[in-house]
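**Q** Each chain, written out:
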Amino acid sequence: AQSVTQLDSQVPVFEEAPVELRCNYSSSVSVYLFWYVQYPNQGLQLLLKYLSGSTLVKGINGFEAEFNKSQTSFHLRKPSVHISDTAEYFCAVSRRGSNYKLTFGKGTLLTVNP
Amino acid sequence: DTGVSQDPRHKITKRGQNVTFRCDPISEHNRLYWYRQTLGQGPEFLTYFQNEAQLEKSRLLSDRFSAERPKGSFSTLEIQRTEQGDSAMYLCASSLDGGGANEQFFGPGTRLTVL
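Protein chains in written order, with the working numbering: chain H, 359 to 472; chain W, 373 to 487.
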């Protein structure tokens, strides 16, 4: 089975500051890794995904994440945040070669203050 | 691109009543997933369809829950004899089987409140 730990439940930052949202996973098999964003009263939107290849992946809205296999981490970063980035962010994994069901972390609420 | 749609968006019911939710996936997507999200938690997998076949069910899906996907298009999730613990957001997602880790596109969810 897979599990995901998002180390911070809430991250407050000021506008234009950099941010890092941390994610660690546990799995006995190879996995795919994802970050999703959820705005209030909406479904989830994919920010980025790691399937294979380069460990640095770039996503939408200026976000990027780095896969670190030795530390089993997949931290999300953005060099300069905007008020509109305020949302809940979920890290997720799925087992390679399976039905691709996602296992999510508990989420990190990013609040960007002016 | 109409995306994944879910109906209703909100449902308030009394304990013991039955409820049914509908999900319309993106038209060419052959995979459909149901997840449940409670307050302060990430979504949890409930069940998965490949076309019309229900291939996996989570242990979270008690006997009071049933899901169908007739003809491999829309899906319904029914909860019988609802309990207060069923209050949650029910999310539907769809994807296209392309041999890789296909992106799942999520609908806006149905928020269920059981009084």
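For the record, the hints were derived by calculation from the structure and aren't laboratory data. Worth double-checking, as some hints may not be accurate.
[Stated by the list, open to error] For lysine-lysine, the following DSBU-like pairs were computed, each having C-alpha atoms within a straight-line distance of at most 35 Å:
no., chain 1, residue 1, chain 2, residue 2
1, W, Lys383, H, Lys464
2, H, Lys416, W, Lys386
3, H, Lys416, H, Lys464
4, H, Lys407, W, Lys383
5, W, Lys386, H, Lys464
**Q** Now tell me if each hint is right for this structure.
**A** So, going through the hints one by one against the coordinates:
Proposed proximity of W/Lys383 and H/Lys464 is supported: the alpha carbons are some 24 Å apart, at most 35 Å. Between H/Lys416 and W/Lys386 the alpha-carbon distance is near 46 Å, which puts this suggested pair outside the 35 Å criterion. Between the alpha carbons of H/Lys416 and H/Lys464 the distance comes to roughly 23 Å, so the proposed pair stays at or under 35 Å and holds. For the given pair, H/Lys407 sits about 33 Å from W/Lys383 by alpha-carbon distance, which is consistent with the 35 Å threshold.
A distance of roughly 28 Å separates the Cα atoms of W/Lys386 and H/Lys464; the hinted pair therefore holds under the 35 Å criterion.
Checked against the numbered hints listed earlier, the structure breaks hint 2 alone; every other hint is satisfied.
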